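Chains as they are written, first to last, in our numbering: chain A, 1 to 198; chain B, 1 to 981; chain C, 1 to 334.
Note that these hints are calculated values from the structure, not bench results. Computed from a predicted model, the values in this text were never measured in an experiment. Just to be clear, a hint being listed does not mean it is correct.
Unchecked claim - Derived EDC-like pairs (lysine to aspartate or glutamate); straight-line CA-CA distance at most 20 Å:
1) K45(A) x E47(C)
2) K115(A) x E47(C)
3) K45(A) x D85(A)
4) K891(B) x D59(C)
5) K342(B) x E323(B)
6) K106(A) x D59(C)
7) K45(A) x D892(B)
What the hints assert, rightly or not - Derived CB-CB ranges, DEER-like:
8) P196(C) x T195(A): 33 to 43 Å
9) Q60(C) x T71(B): 56 to 66 Å
10) P30(A) x P882(B): 34 to 44 Å
11) E47(C) x P882(B): 13 to 23 Å
12) V979(B) x Y251(C): 27 to 37 Å
13) P30(A) x P196(C): 48 to 58 Å
14) P58(C) x V522(B): 51 to 61 Å
15) D317(B) x Q60(C): 49 to 59 Å
16) P882(B) x T133(C): 50 to 60 Å
Cβ coordinates follow ideal geometry from the N, Cα and C atoms, glycine included.
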Amino acid sequence: MARMKFLCDADRCIECNACVTACKNEHEVPWGINRRRVVTINDGKPGERSISMACMHCTDAPCAAVCPVNCFYTTADGVVLHSKDLCIGCGYCFYACPFGAPQYPKVGNFGSRGKMDKCTFCAGGPEADGSKAEYEKYGANRLTEGKLPLCAEMCSTKSLLAGDGEIIAQIYKERVMKRGYGSGAWGWKTAYRETIES
Amino acid sequence: MLIRRTQRSDSERRGSVATVLSGQSGGLDRRTFLRRSGLAGGALAALSTLPLGSVRKAEAAAAGPLTAGATVRKNICTHCSVGCTVTAEVLNGVWIGQEPTWDSPINRGSHCAKGASVRELVHSERRLRYPMKLVGGQWTRVSWETAINEIGDKLLEVREKSGPDSVYWLGSAKMTNEGAYLFRKLGAFWGTNNTDHQARICHSTTVTGVANTWGYGAMTNSFNDIRNAKTQMIMGGNPAEAHPVSLQHLLEGKELQKANFIVIDPRLTRTAAHATEYVRMRPGTDIPVLYGMMWHILQNGWEDKEFIRQRVYGFDDLRKEVEKWNPEEVERVTGIPGEQLKRVAKMFATEKPSTLIWAMGQTQKTVGTANVRASCILLLMTGNVGGPGMGANIFRGHDNVQGATDVGLDIVTLPFYYGLAEGAWKHWSRVWDVDYEFLKSRFDSKQIMEAPGIPLTRWFDAVTLPKDQVAQKDNVRAVFVQGHASNSITRIPESLNGLKALELLVIADPHPTTWASLAVEVGRKDGLYVLPVATQFECKGSRVASNRSLQWGEQIVKPIFESKDDLEIIYLLAKKFGFADKMFKNIKVENNLPEAEDVLREMNRGSWSTGYCGQSPERLKAHMKNQAKFDMLTMRAPKDDPEVGGDYYGLPWPCWGSPEVRHPGTPLLYNTNLGVMDGGGTFRPRFGIEREEKVADGTTRKVSLLADASYSKDSEIKDGYPEFTLASLKKLGWDKDLTEAELATINKINPATPDAVSWSLDLSGGIQRVALKHGCVPYGNGKARMNAFGLPDPIPVHREPIYTPRVDLVAKYPTLPDAKQFRVPNIGFSVQKAAVEKGIAKQFPLILSSGRLVEYEGGGEETRTNPWLAELQQDMFIEISPADAADRGIKDGGWVWVSGAENNARARMKALVTERVGKGVAWMPFHFGGWLAGKDLRGNYPKGTDPIVLGESANTITTYGYDPATNMQETKVTLCQIVAA
Amino acid sequence: MASLARYIRLGLGTWLLALMITASMPSAAQQVNPTASAVKEQQLLQELNRIQGRVSIPDQRSGVLEQPAGREWREFRNVTLRWVGGIAILGMLVVLVVFYLTRGMVQIQHGRSGRTIVRFGAFERFVHWMTATCFIILAVSGLNITFGRPLLLPLIGHEAFSAWSQWAKYAHNYLSFPFTIGVVLIFLMWLGGNIPNRVDVEWIRRGGGIVGNDHPPAYRFNAGQKAVYWIVVIGGAAVATSGYALMLPFYLSGIEGMQIAAVVHAIVAVLFVAVMLAHIYIGTIGMEGAFEAMGSGVVDVNWAKEHHSLWLEEEEARAAANDARPKPAATAAE
């Protein structure tokens, strides 16, 4: 059974932010909600690397574990999704998430958080696949259409990979072997408790 | 492999969710969590077989309920010259989604931040909705009819009073070929050469410098072809931000070839972050750096002697200049240690093929033309032109800046580089089917008809200088700008005087732009119109990517609000001026909208000089339809394909002969290893066939400018040869191959001396056809010029920037003397001298450079209005090194005042303290606008059309400085001071 | 509290690394091979256990690329906290039950005198009950966040539980304000009587007289009450501060600060609840005559004599001095 994962090849990422705007475009994500972002380490210094990061859809996801109302679920493809109907906007998933993925719209006064929003691996939410209700709450559901997350599909340098974990790990492994260097499968150890040997 | 939902067993279905939701109540069942476990898939079928793995969609399942029934339309991204195909899903006239275009050999599904967000452009609430004019300082809605009438009347009044040259027609690289061509044609029919566009401030120096070296001033190879290079050297470019999708080819090439990836730049750019060798140089010393490399190459005998002998002219003259640049002098001027430069030179010269990539870093300088010439010379010296993995890969800026340049939206030429001489006018009057005398009558004089116009960099000088200093009947009195930013032009404080003095300013654009906000700021109360123009996603037509490929864009949605297609606006103006019937004689017009296909056909009929003659609309559309058939590396379709067999993608020009000749296009210029009918070619002998040179003993000798024993594959002439004319065909005995009809056309073109009719004037295409038949290139087979006699500096010479911190070097390397260029004076020398004398470098000790951010483009109005992009860069900033910041008590993220060396210019922005820039250097992005000297001008925009993000324009601080050959502006090296605000 | 130690280590590590980087900054940035010197994930994680970079969006917390510490926070929340909270609260309940069963209600040894004395004025009682009410709701809604999912959710189902939790969250957020005000007023109101002194030492030495019929002397507040006071003041300050840090996310700190705030809030809160259980016990069924102090505000003089002998003496002395006529503040009940 496929296990969906993301992998950002930092030696290819150029911080072009295509993944970020592709996500905004596909799901009409509002201003201030960043389901995906690009972080640059050592900015401006030799060795600078950028990494595109969103929800990694962890194995044994910490967000799901700490959620006080248990609103998360993992699909058979390993995608971690949640129900906005159940979410109470407590913010606990953000504290537990190793990747800063959960986002909260600001509603009301003193920073009270609305329902959490995050990357869905373009797989929507609990509503009927491809329904209007699903789109409005979670965005497009590309997986049901046989497509992969748009961020990865549109990545300018094919740095961001999405898909079956075994396949993208293989792709990365081949790349590193071919070119002779690789700064690591960022986040994999934390998210999936595994590294890609190269 | 994913398992489709229907194949899953119930127990699997329960698997993951059941454990999580143990203890759930009945309420949750309705929530349909369980249903979700049956996720569909099948998306990864082809993945594992891909080389170096790109994520790839397999055969998609049927689209979901929300996209069912949508039609798919393809257009080209409007944000840079890479030429990424945009695939749009349209439902009921609404653009509902963007999908990756896997089939495009150029972008292979990819986009950058801008490309991935273009859908927003046609949904924007902040676009101009209807024509407006300023009435007593208030923006007032008017109808299109009123607007065109009033504008037309005023322009005719200016024409009556001051002559046709007093109207400045500023067009755009954002137009399609068809739009840009018609805009130039409009200028010709109006009677002026004051028609310019962004290429002036983009690659005008490249076009001039490179064309003067080997024939055509364009990128020689393609993004894809860079994959073949063993050494990639990027000097004066930051494609990771300016051309992000090109990095797909560059980085994959680097990985596959284990190539050297050298970046020479004052900034450790996002591109440099992926370099195998990064060289930090002082801004404005490109020529010494290149000569420093050449010094090592010649010293060690790494040059390609055979290539130079066969295909290069002027090597000995060059050697004399190079010898001056020993490692000590190079280090003194550029700051680069000799050892590093030697290493770089060795890689470039010996680990071949090598390519040199550049963009604005070389061109936007007072020595821009000389810079690009030096770059070409390095390529020639090492034999790196005319083959895979080689060449001058010149990354153009806008999506159609190459095309708009080609179609002649320029001050120095008619379409397709025919120039402005009488012969050129006569050629185009034949193509346009109008009387030459009529065109002449439209101008003030024959002399001004053949004199280059005023560069857009100088438009406000042409308005405000004393009348006697502007070499035309009168100053510029009206500006009609269709698709050009004002904040991308230097010396903004002085341009304000121009904005104030104009009698009429018309801004035709999807957005009001800084033209409007600044014009209101200087106190204009009237004489200011904004006309809403559609983006190219709302129009159809062809555009040219940097690699010279033409791509046809389909209309995705109808123009939104009251926006109009560029072509329609041009037609409405022509109609108002009363020459529409003449101008559109052979072009179908429906509801005031000229048909783009017909415009392209007219171009095909006249563009023999550049080989735009073979790219009929039908062929271009077939290419878009069959994108998947083109090979990613060679960009060629299999020969047996019925529609596009043997073609190179986008029929990169030159695509010789008429469409029926089926020339495949030329993917790599000057490639002698291919037959000309397979895209091969030679250097173009454009500057005579021989030249008289002085010898040391005082005598002269004649030296051939034709290639020596070098020729393209299968050429029947096994040596250099001049361009083809009827006379030369006769001499070869090939005139017999011409058909009766072709001969008749040739005779009609020049009834007096048909022998003089050349390959570029022959409207029948017969001469080209016959030359091709014999394996020859129509323009001839010449040598590339290291010595480009005729240019201000025939051999490139280092000249310090006008405002340089190294005043000690000015005496030895001064800029060129003052001169009159393009109807206006260029007083760079006086300015440089005064700056040195006044000690400007002491008051303004930091070098200021400028450049691109990936999220924004050009003047930035369009992208700063797009919330998906604007969110990513919300503040104008200046990069400053930690040392300089510490000296000034400036904190990262803190506000600073930046002051410039002229006009007491100052601007308020945030500081970005970073080692990206070296000590003594500061850098600003140039996309911001809408602030002036700390003041927010948001209120000056027509209500609801202000961009989301506003900020100070970099060009508030930039200063005087113009390249003598093109009047390119200086945006990359000036001086500034920064203080904490 | 392994997590807390971890955060301290983390802070130290960051500081040290920053120092190292500054010291080893390459002076000549010219001869570099950026590809070869690329940062590596594992190396960064080993150095800091957190990877931070630059983002251009204003949301600076998104500059934290990875913080595997989230896994440890999760461990704290799902395991440590539940143990600590469970033991503290259940343990306290067990202790109280056992105590009640063995000791029973502490009676007024000499029976009621019939004479009463004012112990708490109306304002004092108002503040107490306002704070107390808020506390109970905050406690219940807070405990729901920690224990609701395993205990309550299976009983009432997802929808009902989420709806209840949503309201509980609102209540928790909004009632924090009166609670905080209450704590501040309590602090100011009763500060005078709650400065520890020598009498407390004796009181503590004698175990507060809780065993047997001992009645160590005490002023208005005995050492036990002082302990409650200070627990309320300090604990209240801690939960309020950490709570507001959580309520106004990232205004004051980054993700590690938020995690520490959540840890502090949770630990203090469960201990607070445990202590308050004891307080409630002693103020109600644990001791005869105690509830009246906060109920009607007056207590029996004999109760006062037994539990707050020194206070009673002070009050009576003051009454005598203030009023020549024999009309003390404490009047005889008819």
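Cross-check of the supplied hints:
1. K45(A) x E47(C): 18 Å, holds
2. K115(A) x E47(C): Not OK: K115(A) and E47(C) at ~35 Å, beyond 20 Å, violated.
3. K45(A) x D85(A): Violated, at about 45 Å.
4. K891(B) x D59(C): Holds - the C-alpha atoms of D59(C) and K891(B) are around 18 Å apart, at most 20 Å.
5. K342(B) x E323(B): 15 Å, holds
6. K106(A) x D59(C): With Cα atoms ~13 Å apart, K106(A) and D59(C) stay inside 20 Å; holds.
7. K45(A) x D892(B): Given pair K45(A), D892(B) holds - Cα atoms ~15 Å apart, limit 20 Å.
8. P196(C) x T195(A): 33 to 43 Å: 56 Å, violated
9. Q60(C) x T71(B): 56 to 66 Å: Taking Cβ atoms as reference, Q60(C) and T71(B) lie about 43 Å apart, which means the hint is violated.
10. P30(A) x P882(B): 34 to 44 Å: 36 Å, holds
11. E47(C) x P882(B): 13 to 23 Å: Check passed, 21 Å falls within 13 to 23 Å.
12. V979(B) x Y251(C): 27 to 37 Å: 30 Å, holds
13. P30(A) x P196(C): 48 to 58 Å: Given a distance of about 55 Å, which is inside 48 to 58 Å, the answer is holds.
14. P58(C) x V522(B): 51 to 61 Å: 32 Å, violated
15. D317(B) x Q60(C): 49 to 59 Å: 57 Å, holds
16. P882(B) x T133(C): 50 to 60 Å: For P882(B) and T133(C) the Cβ distance comes to about 55 Å; the hint holds.
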